[in-house]
Amino acid sequence: MAKRNMLQAINEALDTAMAADEKVMCFGEDVGGFGGVFRATSNLQEKFGKARCFNTPLVEQGIVGFANGLASQGSIAVAEIQFADYIFPAFDQIVNETAKFRYRSGNLFNVGGLTIRAPYGGGISGGHYHSQSPEAYFAHTPGLKVVIPRNPHQAKGLLLASIRDPDPVIFFEPKRLYRASSGEVPESDYELPLGEAEVTREGSDITLVAWGAQMEMAEKAADLADKEGISCEIIDLRTILPWDAETVAESVFKTGRLLVTHEAPLTGGFAGEIAATIQEHCFLYLESPISRVTGLDTPFPLTLEKEYMPDHLKIFEAIKASVNF
Amino acid sequence: MTTKQRQDVIHEAKFMDGDEFHIAVFKLLQQDGTLYDGAKAPKLDKEKALRIYRAMLFTRVLDERMLAAQRQGRLSFYMQCTGEEAAVVGSTAALDDDDMIMAQYREQAALAYRGFSVDEFMNQMFGNEKDYGKGRQMPIHYGSAKLNYMTISSPLATQIPQAAGYAYGQKMAGQENCTLVYFGEGAASEGDFHAALNMATVHHAPVIFFCRNNGYAISTPAVEQFAADGVAPRAFGYKMRVIRVDGNDLLAVYQATLEARHHVVKHHHPVLIEAMTYRLAAHSSSDDPSGYRSKKEEEAWREKDPILRMRRWLESKKWWSEEEEKSLQEDMRKDVLDTMKRAQKLPPPTLDSLFTDVYARPTPALKAQFEQLKAHIRKYPEAYPKSADRLDDTSLDDTRPELEDSTNIAAKGEA
Ligand SMILES: Cc1ncc(C[n+]2csc(CCOP(=O)(O)OP(=O)(O)O)c2C)c(N)n1
Numbered sequence: 001m002a003k004r005n006m007l008q009a010i011n012e013a014l015d016t017a018m019a020a021d022e023k024v025m026c027f028g029e030d031v032g033g034f035g036g037v038f039r040a041t042s043n044l045q046e047k048f049g050k051a052r053c054f055n056t057p058l059v060e061q062g063i064v065g066f067a068n069g070l071a072s073q074g075s076i077a078v079a080e081i082q083f084a085d086y087i088f089p090a091f092d093q094i095v096n097e098t099a100k101f102r103y104r105s106g107n108l109f110n111v112g113g114l115t116i117r118a119p120y121g122g123g124i125s126g127g128h129y130h131s132q133s134p135e136a137y138f139a140h141t142p143g144l145k146v147v148i149p150r151n152p153h154q155a156k157g158l159l160l161a162s163i164r165d166p167d168p169v170i171f172f173e174p175k176r177l178y179r180a181s182s183g184e185v186p187e188s189d190y191e192l193p194l195g196e197a198e199v200t201r202e203g204s205d206i207t208l209v210a211w212g213a214q215m216e217m218a219e220k221a222a223d224l225a226d227k228e229g230i231s232c233e234i235i236d237l238r239t240i241l242p243w244d245a246e247t248v249a250e251s252v253f254k255t256g257r258l259l260v261t262h263e264a265p266l267t268g269g270f271a272g273e274i275a276a277t278i279q280e281h282c283f284l285y286l287e288s289p290i291s292r293v294t295g296l297d298t299p300f301p302l303t304l305e306k307e308y309m310p311d312h313l314k315i316f317e318a319i320k321a322s323v324n325f
Numbered sequence: 001m002t003t004k005q006r007q008d009v010i011h012e013a014k015f016m017d018g019d020e021f022h023i024a025v026f027k028l029l030q031q032d033g034t035l036y037d038g039a040k041a042p043k044l045d046k047e048k049a050l051r052i053y054r055a056m057l058f059t060r061v062l063d064e065r066m067l068a069a070q071r072q073g074r075l076s077f078y079m080q081c082t083g084e085e086a087a088v089v090g091s092t093a094a095l096d097d098d099d100m101i102m103a104q105y106r107e108q109a110a111l112a113y114r115g116f117s118v119d120e121f122m123n124q125m126f127g128n129e130k131d132y133g134k135g136r137q138m139p140i141h142y143g144s145a146k147l148n149y150m151t152i153s154s155p156l157a158t159q160i161p162q163a164a165g166y167a168y169g170q171k172m173a174g175q176e177n178c179t180l181v182y183f184g185e186g187a188a189s190e191g192d193f194h195a196a197l198n199m200a201t202v203h204h205a206p207v208i209f210f211c212r213n214n215g216y217a218i219s220t221p222a223v224e225q226f227a228a229d230g231v232a233p234r235a236f237g238y239k240m241r242v243i244r245v246d247g248n249d250l251l252a253v254y255q256a257t258l259e260a261r262h263h264v265v266k267h268h269h270p271v272l273i274e275a276m277t278y279r280l281a282a283h284s285s286s287d288d289p290s291g292y293r294s295k296k297e298e299e300a301w302r303e304k305d306p307i308l309r310m311r312r313w314l315e316s317k318k319w320w321s322e323e324e325e326k327s328l329q330e331d332m333r334k335d336v337l338d339t340m341k342r343a344q345k346l347p348p349p350t351l352d353s354l355f356t357d358v359y360a361r362p363t364p365a366l367k368a369q370f371e372q373l374k375a376h377i378r379k380y381p382e383a384y385p386k387s388a389d390r391l392d393d394t395s396l397d398d399t400r401p402e403l404e405d406s407t408n409i410a411a412k413g414e415a
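Protein chains in written order, with the UniProt record's numbering: chain B, 1 to 325; chain V, 1 to 415.
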């Protein structure tokens, strides 16, 4: 094991995947010689050549359209979208094409070999075009998988699993944690399962569900709650689509309470989906209404970013309100 | 209406080659400040020439100071126009001041030319309570309705088809105006660019598409951006007028844009201008170009400095001198520094600015979230220092007077 930050872990995953299978190709804006604006693809061009790791022209719909074609041919395409905010020019290719390739052709063709990586989320003074969390848009699209890691160890294992998964995956990377989060990462080639949530802390009074960078907020809030004698169980959803309702429901059977937190706006956010499903499964076990701590129903601001963020204090208050309901 | 398409016929599989297109570069002014043999300077009186020069010089000074401020940690982010001042000011100066400008982000020189004040620049960059954008966007995302300068949006190329639409609206409203839209050669790869050219020619929009071909899109050199001879030849595919111009040659850019403006306003038919220039600075304050290009390459372009070239021309006409240059530079530096200090001290926008302008009137959900957030901040004032001490000044009521004229102030020409 070696200590790695999240960027290094992602770089290692890409390196591992490319070394193990020559069909794997990485591309996107500035991905080639420069190694990407965040340096996630550093050294890959040097190692694997310009034909397998390359800069694309500046056109997201082109990147994903090209990737769809490449993956349908049987290659393994790992496309980078420079910021999740700029994935929308490729929305049509992703939602209408990537997601439906297998279904519409009766499985004659598929783009299972496609993984789209994109840095997402706020907390970096990025204003509203460098801070969005667009997972809910894609979670509404059957045929896609949506994965978000919380730390370097998860990032490497989940990315390797995404690249090798038989379905197309959108892999959102919490850019606030790119350098801020570090930890032990095995040097070996390993995969973590998609579609499975992970219970990262056991507790008895309330279940907190989060993903990506928001996991850190949930943990801090749980620490505060702990000091008040409230025991939180924390679940990292890891895969937003398809999501692991069973693990969440089992936890709620035990704790009787649920709080879901994400950075994206409240209305239409993925917390709503979780709340509806859990309410259906666990209605008779719930001791308080399911609570959501999320971004505001506004675009992401710059100057008042702190106010906007669903931070540990907001989660802590919601935990107390739920427990004292 | 159906257009007649020419149907010339051949009986031999004779392919035309994309490589056959090469577009020459229009140049007037040499680096030593004299005109090329046979070149004629456009009509430019002393007053206008100096207005142009001041805007270029101010932009250089602003860039130097603000990059330093970013390095000192006063500012989160900055982008320089350095090296491209002639391309930007030369084109803006050829417009009427009430023509619309839609910029990409690196065109602060255009705003400077139009008269955006140092205070206005600083308020935006520091996202304080006087920022027109209410502290919502990163530094350099300026906008001014008063100066007909559409507020910058970060997603690249989105402004290009919008410019076609805006220009069409100008035509329909009977205005003798046009819209000029700036973008980089990188952004010209986006689908929006191609959509824009097509819409504009089909619907006869008085728009000038102005590409700053500065050689790089972040780290990606132009040769990895497109295989063709730059951006200009694409105009043929849309049946559009096009010119390629030396972007470091103020006189050439000015004249080309002047003629383009005349054409688009008179014939309602768009024009594409490709200005060949060089991004002398890093892409942004977060970028380090030494990772992808050589100092030698940069130095070669430094010798083509557009400001120096313009200055030599002014001096040759006896319109400008060493002393004037020195004292103006000093004044500008001082002005930028003093104003920066002032702007930095102004308070941030109040909490309601998070919720206003999402819709013309705040929705019930927004009002509820505002109240909830206020209550939370009252509980933890020390955690939210930017807004905690001013909560009492803020309210979200939907009878605010400015709601009345919040739609399209640009059209009414007021700030
Ligand atoms: C749709 C979109 N994709 C990616 C980005 C990230 N990005 C910001 S600037 C830039 C390069 C732009 O290059 P160019 O258009 O040539 O203009 P220049 O910076 O050279 O002036 C990129 C890729 C973005 N802002 N928007």
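Any given hint might turn out to be false.
What the hints assert, rightly or not - List time: in silico DSS-like cross-link candidates among lysine-lysine, alpha-carbon distance up to 30 Å:
1. 386(V) with 227(B)
2. 320(B) with 374(V)
3. 374(V) with 47(B)
FYI, nobody ran anything at the bench for these hints, they're computed from the structure.
Each hint, compared with the structure:
| no. | hint | verdict |
| --- | --- | --- |
| 1 | 386(V) with 227(B) | 28 Å, holds |
| 2 | 320(B) with 374(V) | 18 Å, holds |
| 3 | 374(V) with 47(B) | 53 Å, violated |
Figure legend: structure checked against the earlier numbered hints; the only hint not met is number 3.
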